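What follows is each chain in one-letter form.
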Amino acid sequence: MREKDFPILSRKVHGKPLIYLDNAATSQKPKQVIRAIVEYYQRSNANIHRGIHTLSEEATWAYLKSKKRVAKLISSSPEEIIYVRNTTEAINLVAYAYCAVLKPGDEIISTIMEHHSNIVPWQMLKARGIVLKFVDINDDGTLKLEDYAKLITSRTKLVTLTHASNVVGTINPVREICRKAHEAGAISLIDAAQSVPNMPVDVESIGCDFLAFSGHKMLGPTGIGVLFGRRKMLEEMQPFLYGGDMIREVRLESSSWNDIPWKFEAGTPNIAGAIGLGVAADYLLGIGLSSILQHEQSLAEYAIKKLGEIKGITIYGPTPDKRVGVVSFNIAGIHAHDIASILDKEGIAIRSGHHCAMPLIKRLGISSSCRASFSIYNSKEDIDALASGIMMAKKVFGK
Amino acid sequence: MSQDIYREEILDNYQHPKNKGKLAKASSTASVYNTLCGDFIKVELMVKDDVVKDIRFDGDGCAISQAAASMLTEKVKGMSVKKVASLKKDDVLKLLKISLSPTRLRCGLLALDAIQQAIKRQ
Numbered sequence: 001m002r003e004k005d006f007p008i009l010s011r012k013v014h015g016k017p018l019i020y021l022d023n024a025a026t027s028q029k030p031k032q033v034i035r036a037i038v039e040y041y042q043r044s045n046a047n048i049h050r051g052i053h054t055l056s057e058e059a060t061w062a063y064l065k066s067k068k069r070v071a072k073l074i075s076s077s078p079e080e081i082i083y084v085r086n087t088t089e090a091i092n093l094v095a096y097a098y099c100a101v102l103k104p105g106d107e108i109i110s111t112i113m114e115h116h117s118n119i120v121p122w123q124m125l126k127a128r129g130i131v132l133k134f135v136d137i138n139d140d141g142t143l144k145l146e147d148y149a150k151l152i153t154s155r156t157k158l159v160t161l162t163h164a165s166n167v168v169g170t171i172n173p174v175r176e177i178c179r180k181a182h183e184a185g186a187i188s189l190i191d192a193a194q195s196v197p198n199m200p201v202d203v204e205s206i207g208c209d210f211l212a213f214s215g216h217k218m219l220g221p222t223g224i225g226v227l228f229g230r231r232k233m234l235e236e237m238q239p240f241l242y243g244g245d246m247i248r249e250v251r252l253e254s255s256s257w258n259d260i261p262w263k264f265e266a267g268t269p270n271i272a273g274a275i276g277l278g279v280a281a282d283y284l285l286g287i288g289l290s291s292i293l294q295h296e297q298s299l300a301e302y303a304i305k306k307l308g309e310i311k312g313i314t315i316y317g318p319t320p321d322k323r324v325g326v327v328s329f330n331i332a333g334i335h336a337h338d339i340a341s342i343l344d345k346e347g348i349a350i351r352s353g354h355h356c357a358m359p360l361i362k363r364l365g366i367s368s369s370c371r372a373s374f375s376i377y378n379s380k381e382d383i384d385a386l387a388s389g390i391m392m393a394k395k396v397f398g399k
Numbered sequence: 001m002s003q004d005i006y007r008e009e010i011l012d013n014y015q016h017p018k019n020k021g022k023l024a025k026a027s028s029t030a031s032v033y034n035t036l037c038g039d040f041i042k043v044e045l046m047v048k049d050d051v052v053k054d055i056r057f058d059g060d061g062c063a064i065s066q067a068a069a070s071m072l073t074e075k076v077k078g079m080s081v082k083k084v085a086s087l088k089k090d091d092v093l094k095l096l097k098i099s100l101s102p103t104r105l106r107c108g109l110l111a112l113d114a115i116q117q118a119i120k121r122q
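Residue numbers (the working numbering), protein chains in the order written: chain A, 1 to 399; chain G, 1 to 122.
Keep in mind the hints are simulated off the structure, nothing from the lab.
Treat the hints with care, as some may be off.
Claimed, not checked - Beta-carbon label-pair distances, calculated as ranges:
1. A:Arg2 to G:Lys77: 53 to 61 angstroms
2. A:Lys311 to G:Gln117: 33 to 41 angstroms
3. G:Asp49 to A:Ile8: 56 to 64 angstroms
4. G:Lys94 to A:Met392: 40 to 48 angstroms
5. G:Lys120 to A:Ser75: 52 to 60 angstroms
6. G:Lys20 to A:Pro359: 38 to 46 angstroms
It should be emphasised that the depicted structure is a prediction, and the values quoted were computed from it without experimental measurement.
Virtual Cβ for every residue (Gly too), placed ideally from N, Cα, C.
Please take these sequences and the hints and turn them into a complete structure.
Printed below as a string of structure tokens:
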């Protein structure tokens, strides 16, 4: 699907054509995104919001257009889109700005399936007496939904979880969980880093209060990410960073804050990154997120079948219809890093290790895994090559 | 330096590690983790008269980290404490006879880190 748009895919690694299967870490970028960034720097580079001159107007217009495109991608309004660096910063923004009003004894519920970025910021609040609880998983890598009934209490203020696991690919029933949170009077935060690039995400339908994702995993540049926040929440929250751009009026004694979303975007933002991100959002919408999910699930299904034929393999996670294009596995007697090293020599890029989800890896009873993750440009042939590469690794290790 | 990091000696040391296990009596121990990949090495030392008389390691990890532990524990046996403390990255690479990328270097140096930490605790 659209491989020709991705210049990097024509390069060779160790003399072999690159097969890139590390998309859950970061995706490659289509030439449309790269061109938009270059054009901005070559034609319109200027600071936004304040300049009256043509370049500043062009840059401001391009920045606002990016917000509209990203808002369209997740069915929000542009005023509810805050640009940050990445998902991690988006979650930290909620942890600092929203959670400033929490009191000792208030509770936050996360899950064992989370990326470290949706665990560590909440652990930091424990010093203020805030209680942190975790929902467990079933053996197939799906959430133990019955845990919510046990964990949610009248003190629960925030329910946070990943939309799709970066390790086992599980798509979580976020709509149902957000509803449970709201019924208990809590708010909800969704880590959508692995879902926005790969499937339709609609904040209205999900009903979440916050949703965080990164540009670089969705065909956009690094250094730009998004926090969606409901208008009411954003208006009530205090800013996270203070300085330029986020103010309405500054006197020496005190200042007043700008409207949303600008109140949360202190300092000159990543303008080029934002422009690239907007083009990436448009690109994804042009293909259609339902088609992308279908493509990825067919690759996941093929991978589970094809790799499943390899003797000594363990594949983690649920059935293909319940996951995005992420497949984690281990080969008996060979460490994930060694598999990844041997595959690299064949030009195949996969991830190995704990995938920044150490509690989940431990819960699965392992210390690391190999992970192949797919994007629009991957094909069944890539998975065939992966399977052959694994067979080579087995040969090297005499397994 | 070999480009093939999985040369025979490495695989042999990984699959049949030397000095793996525990000492009946240790004068110091140290454990280190490679947070990148979850590799783990624990070293037990017996030092007498400032010389490493015996050494064992236990661990879990990739071929590089475990083979390096096997080969390095073998090398330091009989070495003076001072000499072990002065071992450098290049000494390990010379021993392994392979070149490692910056990421894999951390796997290769895990055992050295564990051994030198145990030496410091003498």
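Hint check:
Remark: the range hint 53 to 61 angstroms for Arg2 of chain A to Lys77 of chain G is upheld by a beta-carbon distance near 58 angstroms. A hinted range of 33 to 41 angstroms for the beta carbons of Lys311 of chain A and Gln117 of chain G is consistent with their spacing of about 39 angstroms. Between Asp49 of chain G and Ile8 of chain A, the C-beta spacing of about 59 angstroms keeps the proposed range 56 to 64 angstroms intact. In this structure the supplied range 40 to 48 angstroms is violated for Lys94 of chain G paired with Met392 of chain A, their Cβ-Cβ distance being about 28 angstroms.
Between Lys120 of chain G and Ser75 of chain A the beta carbon distance is about 58 angstroms. The supplied range of 52 to 60 angstroms therefore holds. Between Lys20 of chain G and Pro359 of chain A the C-beta distance comes to about 29 angstroms, which lies outside the given range of 38 to 46 angstroms.
Violation of the numbered hints given earlier is confined to hints 4, 6; the remaining hints are satisfied by the structure.
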